[in-house]
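For the protein sequence lines, the chains are U and B, in the order given. Each residue of the first sequence is one higher than the one before, counting from 1 in the working numbering. Each residue of the second sequence is one higher than the one before, counting from 1001 in the working numbering.
What the hints contain is simulated information worked out from the structure, not anything from laboratory work. Quick caveat, the model's predicted, so the values are computed rather than measured. You may find that some hints are simply not true.
Below, simulated DSSO-like cross-link-like pairs (lysine-lysine); rule was C-alpha separation at most 27 Å, straight line [what the hints assert, rightly or not]:
1. U:138 with U:81
2. U:26 with B:1091
3. U:168 with B:1091
4. B:1091 with U:167
Now the in silico label distances, taken between C-beta atoms and shown as ranges [as the list claims (entries may be wrong)]:
5. U:86 with B:1098: 21 to 29 Å
6. B:1064 with U:29: 26 to 34 Å
7. B:1087 with U:145: 25 to 33 Å
8. U:124 with B:1064: 22 to 30 Å
9. U:145 with B:1094: 39 to 47 Å
10. U:155 with B:1098: 23 to 31 Å
Incomplete in silico selection of chain U near chain B, CB under 7 Å [unchecked claim]:
11. 75
12. 77
13. 103
14. 119
15. 123
Using N, Cα and C, we set each Cβ at its ideal position, and we do this for glycine too.
Listed below are the residues making up each chain.
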Amino acid sequence: MTLPQAFFAYIGGMIVVLSLLVVTRKNPVHSVMWMLLLFVHIAALYLFLNAEFLAAIQIIVYAGAILVLFLFVIMLLNLRKEETEKRFQRQWPFGAGIGVVLAVFFVLIVGKIDVIPPLGQYSIDAIRSEGHIMTVGKVLYTEFLLPFEIASLILLVAIIGAVVLAKKRVE
Amino acid sequence: MVPLSWYIVLSAIVFSIGVFGFLARRNLIIVFMSVELMLNSVNISLVAFSHYLQSMRGQILVFFIITVAAAEAAIGLAILIAFYRNNPTIKVDEINLLKG
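Chain U extracted, bound-state conformation (with noise of 0.2 Å):
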């Protein structure tokens, strides 16, 4: 095993274990902890996957932004009395069922995938010569603008129905 697959092992390792572990532990707080160490799994492997902008972005969005607002959620509500409860449906072994069937099903579709040409313009060597912000902010602001516009309209309609949503009714 090289290098680069001992690294990769490692770290899709970690990411299934981490994974596990937010979906079963009984406290929510603990949950978004592992999340975040999952995060941060996730970014190093986009690191190995040369997108070092998505990396930050990950860390800054995801564990900065999305985790905090779950802290605060589980904070303002009162939940102290439901980490005594159980932590599963009644149906869960079904759930675990569709989840080992899913997995086994993807394997078997995507387990060989591999790549087919003709590739791309974006070779590491094109990305590294004029930094890889420059190269995704070139592709985000020409050819996907209209989308970047659209994801920006859904962030303002995000915002202002947080705020409708969870605003006190004042009769």
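Please arrange chain B on chain U, whose structure you already have, making use of the hints.
Relative to chain U, chain B alone:
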């Protein structure tokens, strides 16, 4: 060199774990976190494809997925808080008002 299929298999396994958490957990917050887990597994496969096909589109798609995930988390947690104000529970199997 790590083959592409390793990344895709890792992504598939994490996605399945997310599906399990979504179907099995009672705590609504952890159900949302399972959805985030599934979105992250898709991101892994998109970045891997983008790297191996030497194309930028996968990474651009990851941006949009992160945007949608942030919006989904904000709206979902706002709904959760609005619901908790009326019925102080976040157990999925006790949220059955539509059952009549």
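Go ahead and decide if the range 39 to 47 Å is satisfied by the Cβ distance of residue 145 of chain U to residue 1094 of chain B. Distance hint for residue 145 of chain U, residue 1094 of chain B holds at roughly 46 Å.
Would you say the C-beta atoms of residue 1087 of chain B and residue 145 of chain U sit inside 25 to 33 Å of each other? At 44 Å between Cβs, range violated.
Given pair status - residue 1091 of chain B, residue 26 of chain U, alpha carbons within 27 Å: 13 Å, holds
Given the hint that residue 138 of chain U pairs with residue 81 of chain U, does the C-alpha gap stay at or below 27 Å? 52 Å, violated
Range hint compliance [Cβ, residue 86 of chain U to residue 1098 of chain B, 21 to 29 Å]: Holds: the Cβ-Cβ distance is about 23 Å, inside 21 to 29 Å.
Interface hint check: residue 75 of chain U, Cβ to nearest Cβ on chain B, cutoff 7 Å. Holds or violated? With a closest approach of 11 Å, the residue 75 of chain U hint is violated.
What's the verdict on residue 168 of chain U and residue 1091 of chain B, does the C-alpha distance respect the 27 Å limit or exceed it? Distance ~22 Å between residue 168 of chain U and residue 1091 of chain B Cα, so the pair holds.
Does the beta carbon distance between residue 1064 of chain B and residue 29 of chain U stay inside 26 to 34 Å, or does it fall outside? Holds: the Cβ-Cβ distance is about 30 Å, inside 26 to 34 Å.
Hinted contact residue 103 of chain U with chain B - closest CB pair below 7 Å: This interface hint holds because 4 Å falls under the 7 Å limit.
In this structure, is the beta-carbon distance linking residue 124 of chain U and residue 1064 of chain B contained in 22 to 30 Å? 24 Å, holds
Take the C-alpha atoms of residue 1091 of chain B and residue 167 of chain U, compute the straight-line distance between them, and say whether it is at most 27 Å. 22 Å, holds
Is the shortest C-beta separation between residue 123 of chain U and chain B less than 7 Å? 5 Å, holds
When held up to the earlier numbered hints, the structure conflicts with 1, 7, 11 and fits the remainder.
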